[in-house]
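Visitor: Read off the chains here:
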Amino acid sequence: MAQTDAELLDTPLAGRPTLILRSPDFHSITEVVAEPVEGRTTIGWWLFFIPSFALLALLGVAVSWLFWEGIGVWGLNIPVGWAWDITNFVFWVGIGHAGTLISAILFLFRQKWRTSINRAAEAMTIFAVMCAMTFPGIHVGRVWVIYWVFPIPNQMSTWPNFRSPLLWDVFAVSVYGTVSVLFWYVGLIPDLAMMRDRAKTRVRKIAYGLFALGWRGSVRQWNHYESAYLVLAALATPLVLSVHSVVSMDFAVSLLPGWHTTVFPPYFVAGAIFSGFAMVVTLMVICRKAFGLEHIITLRHFDYMAKIMLVTGSMVGYAYATEFFTAWYSGNPYEMFTFRNRALGPYAWAYWIMVTCNVVSPQIFWFRKARTSIPILFVSSIVINIGMWFERFVIIVTSLHRDFLPSAWGYFTPTIWDVSCLLGSFGLFFTMFCLFVRFLPMVATSEVKTVLPQANPHASGGAH
Amino acid sequence: MAPLFPQLPKGPYYGILAEFATVPDLFHACERVRDAGFTRWDAHTPFPVHGLEAAMGLRRSPLPWIVLVTGLTGAGLGFLLQVWVHTSAYPLVISGKPYFSWPAFIPVTFELGVLFAAFGAVLGMLGLNRLPMLYHPLFRSKLFEGVTDDAFFISIESWDPRFDPASTRTLLESIGARSVELVES
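Those protein sequences? They're chains Y and Z, same order as listed. Here this note's numbering is used: the first residue of the first sequence is 518, the next is one more, and so on. Here this note's numbering is used: the first residue of the second sequence is 2, the next is one more, and so on.
If you're looking for bench data, these hints aren't it; they were derived computationally from the structure. Among these hints, one or two may not hold up.
List of simulated lysine-lysine pairs, DSBU-like, C-alpha gap at most 30 angstroms [unchecked claim]:
id, chain 1, residue 1, chain 2, residue 2
1, Y, Lys806, Y, Lys722
2, Y, Lys722, Z, Lys11
3, Z, Lys143, Y, Lys722
4, Y, Lys824, Y, Lys717
5, Y, Lys886, Y, Lys824
6, Y, Lys886, Y, Lys717
7, Y, Lys717, Z, Lys98
8, Y, Lys824, Y, Lys806
9, Y, Lys886, Y, Lys722
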């Protein structure tokens, strides 16, 4: 009863949904997932890795020059005191959110289709948070005193200001990064044990064996393990919502027109999930093709992800409209000016790129043909992430570049070092992702196996 | 209180290991072993099987209580740190707020609560599972390497009061085991 992608999509979901194609047995799932880790390094992998690593080297150069020369190598200056650095920060934190949504929120909602993509999406979260943390780290003028953001007893007897959203942000993002790593690692333990048990060489046996911690797949262990997984999902769910809410408060708690709005927390969270799913789609389109996982990551998975992008994209569009309505309804001349300027002023080009990419482009996902067309999904996912990067740029730069007094107006233009840092952060992200798919199983086999029909203990025993 | 580094009891062999072909076979066998009154035994699967804990007669994991305690500890410590910093260690008036401006302390309190709870969940899970335990007698079995792939096992430890090498083997074979072997300790 081998099904094709097209037949699968026409099968209504009833009882145990068919999420995995070609009716594989447990062993073939193990084989197909272990193959990219155990086989020889392919040419294709190097073709992705070398450019990524080159971009990572560019980040090294750009950051070294920044530290040596100072923040002046970037294009930001008063009135635009935050520019690409914080744009990139918010962009990368947002990317991470889809990973946690897939691994935690969809787990709580018992969405079994998450099992095919959760491992890679969680890895994406961790690497995105690494990129995100880079930017606040390097954007402070004196990077050697960055430890002042942490509450560490020091010879000056000073302490950070816990009333500031910027400090909340330090806590939110670092806790998010830590909990994401914990969640990911707990999910990896059974698969690391799988790699240990399959290892042909002593080095692999020891390396995977150490990290597998001696996992024996016993039901007594699974009992505590599943409890831990559920608890971590329940913790990660409010955490992920809090992280981008706190990020949005970096802006919303200030008194700047364009930033000072109560819609920011939900608007930022929706945008984060939107961009994160786009990044998951980009990565999964490449990975399923490269590693022959088309029957595990199926068109049905893409169909679901496209629906989420349609919903969150429309929510973001609604938030854009709300901002304009609120500015008009407030009657505040500064608010009204800021938003008129945003759509019609010097940065109107950026605003309309944002609207086109984020609000108009996902509307194509009303059509199932688009939701299940790999080329359309791939292009849309990249377009959406371009749009979401511009959203943060628009929020930050257009709100700042027109100060209250016209004498203090300015226009931000990036320098080559701004561009290098942004491109370099993509290098960091893709280098990490390449290493991940080479050394760790990129699909959670112990979860995918549970959605196969033969994993049901009552399959032949009649009613439960 | 269990010892921090648990030692397995001494004996010539660890126990008996039986392999089952399918999930339903294992499920029914677990019910039979449970009903036979064994206590020191376990089932092993490549993935969590829904309802198998009940078939084995296991209780719910106490882990959520550990997480509750560590989470509240983290949140409490986080809140006290902020109160102490802003009322005692380094009191500063910032935007006219009172020193004890508790609503502003909520985000960090929440984050630290989640951080401690997550560590409680992971370390608590490892502690309850007696992990890391890099060596275990079951790893002597070549067949057992399939436990993370597609094989399903029941292991009965030799220090179970009802254990007897011959009759336990017969029991496991009678309830559908595909193969049965003794595992040395």
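Visitor: The structure should be examined with respect to each hint, and the outcome stated for every one.
Guide: Taking the hints in turn, this is what the structure says about them:
no.: 1; hint: Y/Lys806 to Y/Lys722; in the structure: 29 angstroms, holds
no.: 2; hint: Y/Lys722 to Z/Lys11; in the structure: 27 angstroms, holds
no.: 3; hint: Z/Lys143 to Y/Lys722; in the structure: 14 angstroms, holds
no.: 4; hint: Y/Lys824 to Y/Lys717; in the structure: 43 angstroms, violated
no.: 5; hint: Y/Lys886 to Y/Lys824; in the structure: 12 angstroms, holds
no.: 6; hint: Y/Lys886 to Y/Lys717; in the structure: 44 angstroms, violated
no.: 7; hint: Y/Lys717 to Z/Lys98; in the structure: 64 angstroms, violated
no.: 8; hint: Y/Lys824 to Y/Lys806; in the structure: 22 angstroms, holds
no.: 9; hint: Y/Lys886 to Y/Lys722; in the structure: 46 angstroms, violated
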